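Visitor: Following the hints, position chain S against chain Y.
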Amino acid sequence: MDDTPPDLEVGNALMLACASGDRQAFHQLYLNEAPRMLAFARRFTGESASAEDALQDTFVQVWKNANRFRRERGSARSWLYAVLRYRLLNQHRRDSRYPAGDFPDQDWPDPGLSPEQCYLAGSDRKIMIECLKTLRVERRRPILMAYYMGLSYEQIADSLSVPLGTIKSRIRSGLKTLQACLQL
Amino acid sequence: MIPDDRQEQHLLIAEYVLGLHDAQRQQEIAAWLDRDAEASRMASQWQEHWLGATELLEPAPLPPRLWRRVARRAGLARPWWQLAWQSPGLWRTMTASLLVVVALLLGPLRQDAPAYTVVLQAPGEASSPGWQITVSNAGDLQLTPLVESRYSAQHSVQFWTLKDPGKGPRSLGLVEPSQPMVIPASQVGGVQSGQLFELTLEPPGGSPGARPTGPVLYIGRAVAL
Chain Y
1 MDDTPPDLEV GNALMLACAS GDRQAFHQLY LNEAPRMLAF ARRFTGESAS AEDALQDTFV
61 QVWKNANRFR RERGSARSWL YAVLRYRLLN QHRRDSRYPA GDFPDQDWPD PGLSPEQCYL
121 AGSDRKIMIE CLKTLRVERR RPILMAYYMG LSYEQIADSL SVPLGTIKSR IRSGLKTLQA
181 CLQL
Chain S
185 MIPDDRQEQH LLIAEYVLGL HDAQRQQEIA AWLDRDAEAS RMASQWQEHW LGATELLEPA
245 PLPPRLWRRV ARRAGLARPW WQLAWQSPGL WRTMTASLLV VVALLLGPLR QDAPAYTVVL
305 QAPGEASSPG WQITVSNAGD LQLTPLVESR YSAQHSVQFW TLKDPGKGPR SLGLVEPSQP
365 MVIPASQVGG VQSGQLFELT LEPPGGSPGA RPTGPVLYIG RAVAL
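Order-wise, the sequence lines are chains Y and S.
Reading the first sequence from the start, the letters are residues 1 to 184 in this note's numbering.
Reading the second sequence from the start, the letters are residues 185 to 409 in this note's numbering.
Do not take every clue at face value.
Said to hold, decoys possible - Listed below are several chain S residues computed to face chain Y (Cβ distance under 7 Å; list not exhaustive):
| hint | residue |
| --- | --- |
| 1 | 198 |
| 2 | 202 |
| 3 | 203 |
| 4 | 204 |
| 5 | 228 |
| 6 | 229 |
| 7 | 237 |
| 8 | 244 |
Said to hold, decoys possible - Chain Y side only, calculated, beta carbon under 7 Å to chain S, not exhaustive:
| hint | residue |
| --- | --- |
| 9 | 23 |
| 10 | 69 |
| 11 | 71 |
| 12 | 73 |
| 13 | 78 |
| 14 | 150 |
| 15 | 175 |
Claimed, not checked - Label pairs and their computed distance ranges (CB to CB):
| hint | chain 1 | residue 1 | chain 2 | residue 2 | range |
| --- | --- | --- | --- | --- | --- |
| 16 | S | 211 | Y | 180 | 54 to 60 Å |
| 17 | S | 350 | Y | 35 | 23 to 29 Å |
| 18 | Y | 35 | S | 352 | 56 to 62 Å |
| 19 | Y | 163 | S | 188 | 54 to 60 Å |
| 20 | Y | 138 | S | 207 | 58 to 64 Å |
| 21 | Y | 165 | S | 188 | 19 to 25 Å |
| 22 | S | 378 | Y | 19 | 18 to 24 Å |
Keep in mind that the hints were calculated from the coordinates and are not lab data.
Nothing here was measured: the structure is a model prediction, and the numbers come from that model.
Backbone N, C-alpha and C fix where the C-beta goes; we use that ideal spot for every residue, glycine too.
Isolated chain Y, as found in the complex:
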């Protein structure tokens, strides 16, 4: 049985319709997904104009390549964010400046549930958040800086004034914990 959450399934169906040239489906996909993608892009870039440019490019690219979407490889939403992040990363690395602003981990407990507890407690969608909560803040923070701000190892080390080797070690330890928690 397909246990894909309904909103992801809607996104998949709309993307498949886009592949057949359905313009209304494309508009609906935009209305459904773009608001949170814009929030993501703004946090990534730290300002609106670049975020809107990236979002525009993402949707144009997705419309033109919708026939390459394969549901078995992942959800439409996952594809949208992958395209958006790729676009943002390219722009970001060209600009080589760090965006301003925080990311949404300010109120997270440290530590939270154990990895085993959170996997049992979390639904598929929420499990990443629960797993991130299990990380100590010095590991979680650089990982979130990479995800929400698109910073590389060097940029994170520079931004946190921590040696590069230490940052790499913290992030890799954190990713190993996440991998175990997510049961990947």
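Guide: Showing chain S alone in chain Y's frame:
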């Protein structure tokens, strides 16, 4: 170089999904993912899980201009100048406006300079002017069609004016669709600002009474120049 150790491979993919490496290394890993279906599947799993983190973000209101930009770039919307170029309403409005401007510019040079102008439009369609009226200082009325109109032989188009609501409309005669027409001042009577003019669709030969009986085709009010 891609490590052989499976655990190292998994970490490499997790780092790749976050974009932690420099551009050259990212490309190297991307090429590997294209070749290795299992590695590609692992990358997809990480990406799916990271979607959960996006749900912590409050959705942002979308500026309306953003969809217009997307639609234009995606080839879904024609550019504004193309829409305008193909818009009959815009052309009619521009034609009517041009006539008014020409009347304003040439007016002082002519003996029978227009004192009033009226743009007759289809009811409820402000951007659909159908006829232009100019009334000279001498009181002669020129009725000029701006659009091509055709009606069945079972109908006549009748021209009316309403100066005093208490007295009701007064017929100015029948009009040939799409044909200009001049009505002498003696028949028009005096014209004043705000005076109503209209064309109605009537039985052959015109309204049987002193009042319009058919639907209003075009209507407008006199504006002093």
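Visitor: Should the hint that residue 165 (chain Y) and residue 188 (chain S) are 19 to 25 Å apart at their CB atoms be regarded as holding?
Guide: Once the Cβ atoms are compared, 23 Å apart, the range 19 to 25 Å for residue 188 (chain S) and residue 165 (chain Y) holds.
Visitor: For the restraint on residue 198 (chain S), tell me whether the closest CB of chain Y is nearer than 7 Å.
Guide: Residue 198 (chain S) check passes; min Cβ-Cβ to chain Y is 4 Å, inside 7 Å.
Visitor: Quick check on the hint: residue 78 (chain Y) CB to chain S CB, less than 7 Å?
Guide: holds (5 Å)
Visitor: So does residue 378 (chain S) sit 18 to 24 Å from residue 19 (chain Y), Cβ to Cβ?
Guide: About 59 Å separates the Cβ atoms of residue 378 (chain S) and residue 19 (chain Y), which means 18 to 24 Å is violated.
Visitor: Double-check residue 204 (chain S) for me: the hint is only fine if its C-beta lies closer than 7 Å to a C-beta in chain Y.
Guide: holds (5 Å)
Visitor: Hold the hint about residue 229 (chain S) up to the distance rule: shortest CB distance to chain Y must be less than 7 Å.
Guide: holds (6 Å)
Visitor: Are residue 23 (chain Y) and chain S close enough, Cβ to Cβ, to be under 7 Å, as the hint says?
Guide: This hint holds: residue 23 (chain Y) lies near chain S, its Cβ roughly 6 Å from the closest one there, short of 7 Å.
Visitor: Residue 138 (chain Y) and residue 207 (chain S), beta-carbon distance inside 58 to 64 Å?
Guide: Because 27 Å falls outside the window, the suggested range is violated.
Visitor: Hold the hint about residue 69 (chain Y) up to the distance rule: shortest CB distance to chain S must be less than 7 Å.
Guide: violated (12 Å)
Visitor: Taking 7 Å as the limit, does the beta-carbon of residue 150 (chain Y) come near enough to a beta-carbon in chain S?
Guide: holds (6 Å)
Visitor: Can we keep the residue 237 (chain S) interface hint, with Cβ of chain Y closer than 7 Å?
Guide: holds (6 Å)
Visitor: Can residue 228 (chain S) be said to touch chain Y, with a Cβ gap under 7 Å?
Guide: holds (4 Å)
Checked against the numbered hints given earlier, the structure breaks hints 10, 11, 16, 17, 19, 20 and 22 and satisfies all the rest.
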